[in-house]
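*Asks:* Protein chains in written order, with our numbering: chain A, -6 to 284; chain B, 13 to 430.
Certain hints may be false.
Here are the simulated DMTMM-like pairs of lysine to aspartate or glutamate, each with C-alpha atoms no more than 20 Å apart in a straight line [stated by the list, open to error]: (1) K388(B) - D366(B); (2) K420(B) - D225(B); (3) K289(B) - E125(A); (4) K388(B) - E363(B); (5) K247(B) - D129(A); (6) K156(B) - D184(B); (7) K426(B) - D129(A); (8) K156(B) - D296(B); (9) K416(B) - D188(B); (10) K348(B) - D360(B); (11) K164(A) - E182(A); (12) K416(B) - D366(B); (13) K289(B) - D52(A); (14) K348(B) - E111(B); (15) K242(B) - E182(A).
Incomplete in silico selection of chain B near chain A, CB under 7 Å [claimed, not checked]: (16) K206; (17) I210; (18) H226; (19) T234; (20) I239; (21) F240; (22) V260; (23) N268.
If you are wondering where the hints come from, they were derived from the structure by calculation, not from laboratory data. Given the structure is predicted, the values throughout are model-derived calculations rather than measurements. The beta-carbon is built from N, C-alpha and C at its ideal position, and this holds for glycine as well.
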Amino acid sequence: MLAFQILIDGFAISALYALGATGFTLIFGVSGVLNLSHGAIMVLAAVAAWAAASVLHLDTYLGALLGVAVALVAALLTYFAVVQPIQKSRRIPNEEKEIFVLTGTLLWGIMIQELIAYFFTNNAKTVLPIVEGVVDILGVRTPRNEIFTALVCCLVIGLLWLLVNRTRTGKAVLAASMNPRGVTLLGLELTNIYIVVWAIYGILAGIAGVLLGMFLGVSSYSVGPLTASAFSIVVLGGLGSVSGSLIAAFVVGYLETLTAYLISPAYRTIPALLLLVVVMYIRPQGLLGRR
Amino acid sequence: MTNTSRPPVFWSVRRLLGASAIGLLLTSGQALAADPIKFGVIAEAQAIAGASIPQAAQLAADEINAKGGVDGRMIEIVTYDNHSSSADSVRAFQRAVNEDKVHAVIASYVSEVVLALMPWAARLKTPLVTPGAASNEIPLSVHKDYEKNKYTFHGYLTSAALALSVCDAAKDLLVDEKHMKTAVIMSEDAAWTKPLDIGYEACLPKIGLKELDHIRFSPDTTDFTPIFNKIEGSKPDVIITGISHVGVQPTVQWKNQQVPIPMLGISSQATNETFGKDTNNAADGVLFQAVAGPGVAMTPKSVPFAEAFKKKYGNYPSYAGYTAYDEVYYIADAIKRAGSTDADKMVDALEKTDWEGTIGRVQFYGKDDEFTHGLKYGKGLITGLLAQWQDGQQVAVWPKEVAKGPLKFPNFIKVTSN
Chain A
-6 MLAFQILIDG
4 FAISALYALG
14 ATGFTLIFGV
24 SGVLNLSHGA
34 IMVLAAVAAW
44 AAASVLHLDT
54 YLGALLGVAV
64 ALVAALLTYF
74 AVVQPIQKSR
84 RIPNEEKEIF
94 VLTGTLLWGI
104 MIQELIAYFF
114 TNNAKTVLPI
124 VEGVVDILGV
134 RTPRNEIFTA
144 LVCCLVIGLL
154 WLLVNRTRTG
164 KAVLAASMNP
174 RGVTLLGLEL
184 TNIYIVVWAI
194 YGILAGIAGV
204 LLGMFLGVSS
214 YSVGPLTASA
224 FSIVVLGGLG
234 SVSGSLIAAF
244 VVGYLETLTA
254 YLISPAYRTI
264 PALLLLVVVM
274 YIRPQGLLGR
284 R
Chain B
13 MTNTSRPPVF
23 WSVRRLLGAS
33 AIGLLLTSGQ
43 ALAADPIKFG
53 VIAEAQAIAG
63 ASIPQAAQLA
73 ADEINAKGGV
83 DGRMIEIVTY
93 DNHSSSADSV
103 RAFQRAVNED
113 KVHAVIASYV
123 SEVVLALMPW
133 AARLKTPLVT
143 PGAASNEIPL
153 SVHKDYEKNK
163 YTFHGYLTSA
173 ALALSVCDAA
183 KDLLVDEKHM
193 KTAVIMSEDA
203 AWTKPLDIGY
213 EACLPKIGLK
223 ELDHIRFSPD
233 TTDFTPIFNK
243 IEGSKPDVII
253 TGISHVGVQP
263 TVQWKNQQVP
273 IPMLGISSQA
283 TNETFGKDTN
293 NAADGVLFQA
303 VAGPGVAMTP
313 KSVPFAEAFK
323 KKYGNYPSYA
333 GYTAYDEVYY
343 IADAIKRAGS
353 TDADKMVDAL
363 EKTDWEGTIG
373 RVQFYGKDDE
383 FTHGLKYGKG
393 LITGLLAQWQ
403 DGQQVAVWPK
413 EVAKGPLKFP
423 NFIKVTSN
């Protein structure tokens, strides 16, 4: 019984982690940007979906769509207002641009976080679930919303795989992650590929944020932990490796669930962080990362 | 013979200077008489519970000023947002006293913040009153080192008193009415819940509720699924809560997972009017302790204050709003009785406080009591109340004198005695 419970609960949270981390690693893999405003964009999506339903009294589906749309706009704004100006700047030496992007996105994230706290307080918000009620799976009473969350996460990750591997745009994105100079030599505009990737990222982060808002709820305090969680998963899986991030998300998700059930909910995050330290010692490039 | 007479121009300059000096003296004398009494209000402006603190304080000050102030002196509220941080609060306290020259400070609903401010109230000899922190350590520290910490007053119930209030309500509503026998304590790991849990562990067996398990969790917990599953495994009749930093998330997950066990206890966020909307009405069925609430006449002042607050700010006050409102009144009253804003005289007068506020009759425990400068708890003073979220509304259910209806639980709750 307990084993099934851990299996089911662990799957839902892992799938959500996987979706959140996929966009984060995609951006890094293609454009080399570690976007530290990731958590803020996820929380913004969830709060927008909550506000759409609670303040504007929109339908739950419309609210969820609005949340994703807000994340898409926020992601593109992050690229155009923060990342691109730094990357194109002639006054910042090339070797320092990465650290400028890190700092820029971190500050951008803090600005979003403070704005959310200012307008909507720092109390947690939850998005009304699209499906309600519970079902019995192998004797475990499971909220339908938990199953819905896991299914949507798997579906979106599957669609992303199809997009990257089966479409011309996806192949260009893949090529840009492997050899940006080669892509430009083929006559493709690298900036356009970056815009596509940031748009995909915005949609992924938006869906993950809205689902998180439905499943667990978010507050402006969630911004830091969400960025840190995505960062840990991506580093564990190997920076830039989407499949590595997926595996790492499930490792972290199940490790946390096991700890919460078998040891104590108070120590939930500790074993995953210890594992990260161990992996960094033994295999610094992460589980599936390239040296 | 020398001529001592002065030219007319000299006389006129001297007269002008003399007149100006007298005028200045008179003006400064009038300014002194009308100098405002300044209260610093340090609060968590971005949290719902904290946002009500400066608003309620301002409302009280406006009312007092409209009636002529305190012996002709107006009350001025100077507010500081502490961003829920102890370090920011200490800086705000220093600025309030050293630069803005406030006469007293009303600060925070977070125990850790108030405990950090206490040494500064002692060093800068400025009365400090908290409208919402609960830790027993606040009045205990005053008791242990009275001469140093006498400037701090605990304007909200201690965790020990809150535990008593919850147990008193649980006995009437759950043990006597519903014949419940077992409970699991679920509380967040924070300064205020340590004495609360000790209080629960002491009083629950006395009222006939056997404690089956005791779960403490980190205040940054987001996934409560394992916690609720563990509690369900113990098969208790009720979950006794001690939560403040969290509230929305455990409540929503309790409903989404359809945990069939009722929750009763301290759930600070549930005291806010917006809690229903924040949880998409998942709060229905949650029982929470409060010191006052909308439409509940704990005293004749409770309802008029709540309505005036709503009229001015658009929402009902949080629990810390009621206490902050009372605090401005009884500090002003103490200044009037002391006839001075001298800190030591204010402390003496505050110790003699006997004020009917919005939450009950406010009196403080004395120097020789264990909880020195803590609010006195008990019938005829402050008892608190128990309310329940029902159909998106907060409904008082205990004590009988203020109850507006019976208990009402959502369908997934099984009110049974295991």
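*Asks:* Each hint needs a verdict: does it hold in this structure or not?
*Replies:* Each hint tested on the structure:
{"no.": "1", "hint": "K388(B) - D366(B)", "result": "holds, 11 Å"}
{"no.": "2", "hint": "K420(B) - D225(B)", "result": "violated, 25 Å"}
{"no.": "3", "hint": "K289(B) - E125(A)", "result": "holds, 17 Å"}
{"no.": "4", "hint": "K388(B) - E363(B)", "result": "holds, 12 Å"}
{"no.": "5", "hint": "K247(B) - D129(A)", "result": "holds, 19 Å"}
{"no.": "6", "hint": "K156(B) - D184(B)", "result": "violated, 35 Å"}
{"no.": "7", "hint": "K426(B) - D129(A)", "result": "holds, 18 Å"}
{"no.": "8", "hint": "K156(B) - D296(B)", "result": "violated, 43 Å"}
{"no.": "9", "hint": "K416(B) - D188(B)", "result": "holds, 19 Å"}
{"no.": "10", "hint": "K348(B) - D360(B)", "result": "holds, 12 Å"}
{"no.": "11", "hint": "K164(A) - E182(A)", "result": "holds, 14 Å"}
{"no.": "12", "hint": "K416(B) - D366(B)", "result": "violated, 28 Å"}
{"no.": "13", "hint": "K289(B) - D52(A)", "result": "holds, 15 Å"}
{"no.": "14", "hint": "K348(B) - E111(B)", "result": "violated, 24 Å"}
{"no.": "15", "hint": "K242(B) - E182(A)", "result": "violated, 55 Å"}
{"no.": "16", "hint": "K206", "result": "violated, 14 Å"}
{"no.": "17", "hint": "I210", "result": "violated, 18 Å"}
{"no.": "18", "hint": "H226", "result": "violated, 12 Å"}
{"no.": "19", "hint": "T234", "result": "holds, 5 Å"}
{"no.": "20", "hint": "I239", "result": "holds, 5 Å"}
{"no.": "21", "hint": "F240", "result": "violated, 10 Å"}
{"no.": "22", "hint": "V260", "result": "holds, 4 Å"}
{"no.": "23", "hint": "N268", "result": "holds, 5 Å"}
The structure is inconsistent with the numbered hints 2, 6, 8, 12, 14, 15, 16, 17, 18 and 21, although it conforms to all the rest.
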